[in-house]
Each structure stands twice: as C-alpha cells, then as structure tokens.
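K.L.:
These are the residues of each chain, in order.
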Amino acid sequence: MAKKTTPQLDFNSSWNYAPAPEDTKHINLKKQYELFIDGKFVKPAKGKYFETINPANEEVLAKVAEADETDVNKAVKAARNAYNNVWSKMPAAERGKYIYRIARLMQERAREFAVIETLDGGKPIRESRDIDVPLAANHFFYYAGWADKLAYAFPNRKPQALGVAGQIIPWNFPLLMAAWKIAPALACGNTVVLKPAETTPLTALKLAEIIQESGLPNGVVNIVTGAGKTGAAIVNHPDIDKIAFTGSTDVGKIIQKSIAGTNKKLTLELGGKAAHIIFEDAPIDQAVEGIVNGIFFNQGHVCCAGSRLFVQEGVADMVIRKLKDRLETLIVGDPLDKNTDIGAINSKGQLETIHKYLKIGKEEGADMYQSNCSIPKKGYFCRPTLFLNTSQSHRIVQEEIFGPVLTIQTFRTVEEVIEKANNIPYGLSAGVWTDKGSKIFNLTTKLRAGVVWANTYNKFDPTSPFGGYKESGFGREGGMHGLSAYLKF
Amino acid sequence: MTKTGINRDYSHTPAVDQVGVEERCARFATRSIKKETKVQGLKLILNMIDLTTLEGKDTEGKVKQMCYKATHLHDILPGLPNTAAVCVYPSMVKIAKEALKNTSVKVASVATAFPSGQSTREIKIADTKFAVDHGADEIDMVISRGEFLKGNYNFVLDEIATIKEACGKARLKVIFETGELSTLDNVRRASEIAIDAGADFIKTSTGKISPAATMPVTLVMLEAIRDHYYKTGVMIGMKPAGGISTAKAALHYLVMVKETLGTAWLSNEWFRFGASSLANDVLMQLMKEATGVYQSSDYFSKD
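Residue numbers (numbering that gives the first Met the number 0), protein chains in the order written: chain A, 0 to 488; chain B, 0 to 302.
No lab work stands behind these hints, which were simulated from the structure alone.
Where a beta carbon is used, it is the ideal one built from N, C-alpha and C, also for glycine.
Some hints could be false.
Said to hold, decoys possible - Think about it this way: if two alpha-carbon atoms lie no more than 30 Å apart in a straight line, the pair counts; the simulated BS3-like pairs of lysine-lysine are:
{"#": "1", "chain 1": "A", "residue 1": "K438", "chain 2": "B", "residue 2": "K230"}
{"#": "2", "chain 1": "A", "residue 1": "K323", "chain 2": "B", "residue 2": "K68"}
{"#": "3", "chain 1": "A", "residue 1": "K337", "chain 2": "B", "residue 2": "K37"}
{"#": "4", "chain 1": "B", "residue 1": "K33", "chain 2": "A", "residue 2": "K377"}
{"#": "5", "chain 1": "A", "residue 1": "K337", "chain 2": "B", "residue 2": "K61"}
{"#": "6", "chain 1": "A", "residue 1": "K438", "chain 2": "B", "residue 2": "K149"}
{"#": "7", "chain 1": "B", "residue 1": "K33", "chain 2": "A", "residue 2": "K376"}
{"#": "8", "chain 1": "A", "residue 1": "K435", "chain 2": "B", "residue 2": "K149"}
{"#": "9", "chain 1": "A", "residue 1": "K24", "chain 2": "B", "residue 2": "K287"}
{"#": "10", "chain 1": "B", "residue 1": "K34", "chain 2": "A", "residue 2": "K337"}
{"#": "11", "chain 1": "A", "residue 1": "K435", "chain 2": "B", "residue 2": "K230"}
{"#": "12", "chain 1": "B", "residue 1": "K37", "chain 2": "A", "residue 2": "K24"}
{"#": "13", "chain 1": "A", "residue 1": "K24", "chain 2": "B", "residue 2": "K33"}
{"#": "14", "chain 1": "B", "residue 1": "K287", "chain 2": "A", "residue 2": "K323"}
{"#": "15", "chain 1": "B", "residue 1": "K247", "chain 2": "A", "residue 2": "K337"}
{"#": "16", "chain 1": "A", "residue 1": "K337", "chain 2": "B", "residue 2": "K33"}
{"#": "17", "chain 1": "A", "residue 1": "K376", "chain 2": "B", "residue 2": "K230"}
{"#": "18", "chain 1": "B", "residue 1": "K247", "chain 2": "A", "residue 2": "K458"}
{"#": "19", "chain 1": "A", "residue 1": "K24", "chain 2": "B", "residue 2": "K247"}
{"#": "20", "chain 1": "B", "residue 1": "K68", "chain 2": "B", "residue 2": "K42"}
{"#": "21", "chain 1": "B", "residue 1": "K33", "chain 2": "A", "residue 2": "K323"}
{"#": "22", "chain 1": "A", "residue 1": "K377", "chain 2": "B", "residue 2": "K34"}
{"#": "23", "chain 1": "B", "residue 1": "K42", "chain 2": "A", "residue 2": "K337"}
{"#": "24", "chain 1": "A", "residue 1": "K376", "chain 2": "A", "residue 2": "K361"}
{"#": "25", "chain 1": "A", "residue 1": "K96", "chain 2": "A", "residue 2": "K487"}
{"#": "26", "chain 1": "B", "residue 1": "K149", "chain 2": "A", "residue 2": "K376"}
{"#": "27", "chain 1": "A", "residue 1": "K377", "chain 2": "B", "residue 2": "K37"}
{"#": "28", "chain 1": "B", "residue 1": "K34", "chain 2": "A", "residue 2": "K24"}
{"#": "29", "chain 1": "A", "residue 1": "K47", "chain 2": "A", "residue 2": "K96"}
{"#": "30", "chain 1": "A", "residue 1": "K45", "chain 2": "A", "residue 2": "K256"}
{"#": "31", "chain 1": "A", "residue 1": "K361", "chain 2": "A", "residue 2": "K377"}
{"#": "32", "chain 1": "A", "residue 1": "K148", "chain 2": "A", "residue 2": "K76"}
As the list claims (entries may be wrong) - Pairwise CB distance ranges (calculated):
{"#": "33", "chain 1": "B", "residue 1": "E21", "chain 2": "A", "residue 2": "S392", "range": "32 to 42 Å"}
{"#": "34", "chain 1": "B", "residue 1": "K168", "chain 2": "A", "residue 2": "N56", "range": "54 to 64 Å"}
{"#": "35", "chain 1": "A", "residue 1": "N11", "chain 2": "B", "residue 2": "T231", "range": "21 to 31 Å"}
{"#": "36", "chain 1": "B", "residue 1": "K230", "chain 2": "A", "residue 2": "V413", "range": "19 to 29 Å"}
Excised from the complex, chain A in its bound form (with noise of 0.2 Å):
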C-alpha cells in the first residue's frame, strides 16, 4: 500500500498584512510619577523611585515612586480621615455620581489609556482597546448604579461600609483589575488605598489623574506604587479594615497568614490552571477558536488561562491539526501593531519563568511544539507554545505557568475528565464545549471552578461575579456578590 502523505494547508502567503503601528503622539506620559495621597501627587519619604519599561523593546517608560511605610501610612491615614469625615457622611446617591463621573472620564480617555498600558504591559492593543479599558468603564458604570440601591441589593440586612479598604492588583490587567477594586468598595462606601504592581503602574497613575479631575473628595482613593514591600505595608497596617488581593498563590497565603488573628475582612482572587474541555460532539472549529482564546488572550497572562486542555479522544487528532494550523496564523509581535494576536511577555522574571516550565516540560518527556511565527528579537517574547502527550503528573500540568503555554491531553469518559479537571489545587475557572445542553448542566454543577463558560472562553462582564475555589481564592468580584465584599450587615 502506497504511503498515504497528508494534505497540509500552506499559510505563507505573499499577501501579508500591513503593519498598523497605534500611534503614541497623543498620549501624556510624565518621566516621574509621584504617589498619589490625598488627592494630591506627593514625592515619597525617602525619595526613591523604580523604573517602569516597555517589555515589547525594553526602554524606560517612566520613573515611578516607591512608597515605603511611612508613605503607605500616610495614605491609609488620608483614607481614614476621607471616610470619617465625607465619604460615610456622603449621601449615597452622591457617592454614585462621582464613580459615574470617574467612568465617563475613562471612556473619553479610552485610547490614551489604551496605548499606556500596552507600552507597560506588553498586551496587544486590539485587547487593551476593545477588552481591558472598555470593560475598566464598564464597572465603574456598573457599580455606580448600586450605590444607593445597597439596601436593595441586601434586603433587611442593613449594609454598611467597612471603612478604609487596602487594594493589591497583579500586572496582567492593572487597569481593569483597579477598576475590579476600587468601583465596588466606593460604591459601598469605603475609602481605598490601593497599590498597582511594580511592573505596570502606569495606568493605575493615570487613573489617578482623572480621579483628581472628577472632583472625588481628597483621600477616598488613594495610589501607592512600589513592590512586595508595599504591599506588605498595606496588609499589615493596624487602620486597615479589609485587604482584597488579586496575585500568586503564594503572596495569597502570605498575606492570610499576616492578617490572621486581625479583624480585616479578606478576599483572595490568586492563580489558575483552568480545565478547557472538548467533547467529541463539540462545534469543533469553534472550539479550536475557544482554546486560542483561552490560553492565548493577553499572552496566556491570566488567571483563569485554558491552560490544561482535554479533548475527547476521538476527536483528538482532528482538534491537534487544527489548532496547529490556527497557530500559524497567529502574528506575534510589537503590541501596538492593530494585527498583533500575541504581544510582549511582562517582565523579563516573566520570561524566565516561562522558560523553566519549556525546559521542565521537554525533560518531562511532553511533545512540545510551538508556531513557526517570527518574533522580534529585543524585547520579551514567546512562540505560542503547546504540550502534546503530557499527563496528569506532569508539573507543566499541575502548576500556573502564566504564559503562552497549553498541555494537551485527551479523555474517554465523562467521570474522567469531571476527575481530572477537579485534581489540582486550582479552581478558578473552566471551559466546556458540547453541542448537548444536558452535558453542559452536568458539568457545571461538579466541576469544583468558581466560573465555568460553555461553548466559548474569557468572557467577562461587570454584572457576573468571578472568584475561585480551593487554592484560587475565595470571595467574589462583580455583579451583587462583587458588593457583598465590602460590605458589613
């Protein structure tokens, strides 16, 4: 019998796209940043800054101000002073027009909000522009709608705000994650001191701007940049009634550890390693669409990433081609390129820690296979990257790589793929695509994942609540549960 070769498609076309570089001219990028306490920009204590990079080509973006504790306890005082004498004191209707006003500020700031923090981050701009700054908006609409129905939202409950609120957000989303934190707990109430990651505090910064320039009463947010230290100044700070944190696992448990035995209320929002599941009878080029989006969106830079992917075995073969052929598709490349699917890594960290989990992954005996894109040479960068044959013991499966990485493994049964979703200490988020309703149901009810989405992937609104279970975190930001966080009965 003759050898049967296997059609391949070919996608190197001599029609290529043209490059579509965002401009940067318009955007208002200082070379210092300050902290920003009481309404005002003031220098830090001991006067020292950081830097802040663009990891697409590595140069100095800004210097930003690092906050050590004398600066941090300025801010929570600031904070104290604001809730005490105005914020509480605030009808609560008022308190919603400021956060509308806060909103309607960003989105007619959205595109130079958009180009900053694609520099910072690295993320392409056609997510920065149509995801994260839209959707930052959208929770400060959202959120300042309920600002005076709380008694609504929590019927005979008496709610009432917790008083100053100690915010920590990651470098994957700063903006939107800012937004996460600070719509909600004003809405209710409270008083903010929240620091943005070292890697990406600019556009927390620029928020920082138009929250001066809406008016909000000095001291009801206020923004301190710095690093774990910081942090740790926060979390620890005796005048501080809540600490919501958004990060790693580990810091997660560091900061429960710190505050055990204190009054601080706590919600945790840490890391993922979310199950993306394709059965046999699943709308398949769809699906392949649904894994891309789910482990490649913001360059695998999330928590609730698809990052262990399992198809049912008889469609396997066919879901691996076509995901081969989807990756080849895929641009990498300068961020603030319109066509650019995958942008920068954060951080060089980042990088290498991608990197170790290639190289753990290759001695584990995985298959891996990675797109034949070209990348740029400076600047952090990785090939979308997929791991064939890997198994459920693998540490490239068990644990969080945080970046453009997918295992795949395949499933037979129902009760099996229920069995290994749920093995990890992670239980953030997970995917299901079937074309049968009924299978969906079942799913969703044991898989032990604080969000499920069927039939499509990383699909965010400021009206559904998101939180994990086990060691992804506990309690729930947006829709009412997003309330009940900062809140007291």
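Following the hints, position chain B against chain A.
P.N.:
Here is chain B on its own, set in the frame of chain A:
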C-alpha cells in the same frame, strides 16, 4: 439506487456554533490592509470576480458590453487583470463565448431552473446540457431548497450528482441559497452534501434573495472545504455571491480565506466573488491609491 450509489445519513453533520462563527468573522475585519497590501489585494479581487448579469431584461447587447468590460476593466489604469469569468443565463452563453474567445475569461452559466430550482430533473438536465453545449466552462446550479428543508437530503445529493454528470468537463458550482436555509448548521449540511456529490465549487447565493453572501455563512463553507481537504487532499472552490459590493468587504473575505484555507486558495482557480457592482468599487479604490484622490463614479463604466 441513487446516482452516487450512496444513501447517507446527513441528519448529523458537524456542529456549528453561530456565536463563535460571528466572533471569528469580526476578527477577520480587524486586520490592517493598506497601501501595497491593499493594491495587491484589490487586484486579486478583480481577478476573482465572476462579472454577473442575471436579469430578465438581459439582451445580447448588454452581455457583449459586459464581456468587453471583463477584459478591459479600466484601461486608463495599466496592469489590471481580467475578471475570472462572466456569469450569464444559458441563453446568453453563446454570445458571451463568442465575445470572449481568445481571452482567459471563462463563461459561467447558471442552470437548473435558476434561481428557484422549482422544476423537474429532466428540465434541469436539459438546461445544463444546453449551456454546456453552447460552450459554458462553468455551471452554477441551484439546489432544491424545498427538498433540503424537508430533510430529503439524498434527493439533493442525487440531484447534484446528476447535474455534475451532465456538466461533462465544465466545472460545477453548487448554489445553496443560504438565505433560505435559515441556520448555519444547514449551511454546513448542504456543504457536506454538495462536496460528496462532486461539486467543484460551493456557492452561497443566487443574489435574488436577501441575505445573500455573509461572512459567517462563507466561513462555515470554508471550514467544510477545509475538513474535506484534511480528509482527502482534494481542493474544493468557494464562491460567495450577492451582497458583496464594496472593496473593503471583499478584502475582509480575502483575509478569511487566507487565515482559514491558506495560500493555495488565494487564486481564482479556487475562490470567486459573484458580483456585479463590486468591480467598480474596487476600481475606484485602485484609482485612489494611484492618484491619491477619489474620483466620481462617472469616471467608471457601468457595464
């Protein structure tokens, strides 16, 4: 016994998720196409057009004019290609063939009681043979949508296979009239049936029903073509027809082909636009790229 000897169960064809298809299509429209990329794309589009006139009022004179246009799109601008084909009713095939002799432009004829397809098998065969005998290089047939919607899939399969036989050497394009099929699942099912029955091309619409070609419908058909290619290595052509009247929309279709099927399909051998007004919009864009300014539509010949 059916013509194909197959009696297949088409009640379970691969699932299609409409929301996912629409999301994917939206992404095609965000690719940046300008300057050299745009000029290259626009010329490719011109070369993929089946310049079409399918009206009751068509005359020999009108068809002759259109045939001249197919080979002289806009002579003031050098370096333009011909269109891929002209598409006419069977009664006009002879005129078109004569007008286009010694050119690369093919003559396509609609057949099988176009556009409704509401006639007998015998008449459809005769219609096809008439067009082929008069020199048609390509036949654009319509499927019996009524039979399809009744679930009589093997009737449709058999019908297509029969017409394919009547075509002889002419390439067969099978029109689904997707605007009447109602769901993307049906579009996928029709694609499977047509490809199994021997279609050389699958085509969205007659242009007589709205909606005609849309990006989601075209994507579903391209995916069926891709699956067939994966399985067999055999290429099938695609022709969206009707409703694509702007250069910008046509460029989005090219992006879709490029990212779904790849380079091999980016030629008029495997991809066509069925359109009458598209050519002039493309020409206007090309003149704009060449001169820097938009010109009045009066500078572009209508037929």
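K.L.:
Provide an ascending list of the numbers of those earlier hints which the structure does not satisfy.
P.N.:
When the structure is compared with the hints, numbers 2, 5, 14, 17, 26, 29 turn out to be violated.
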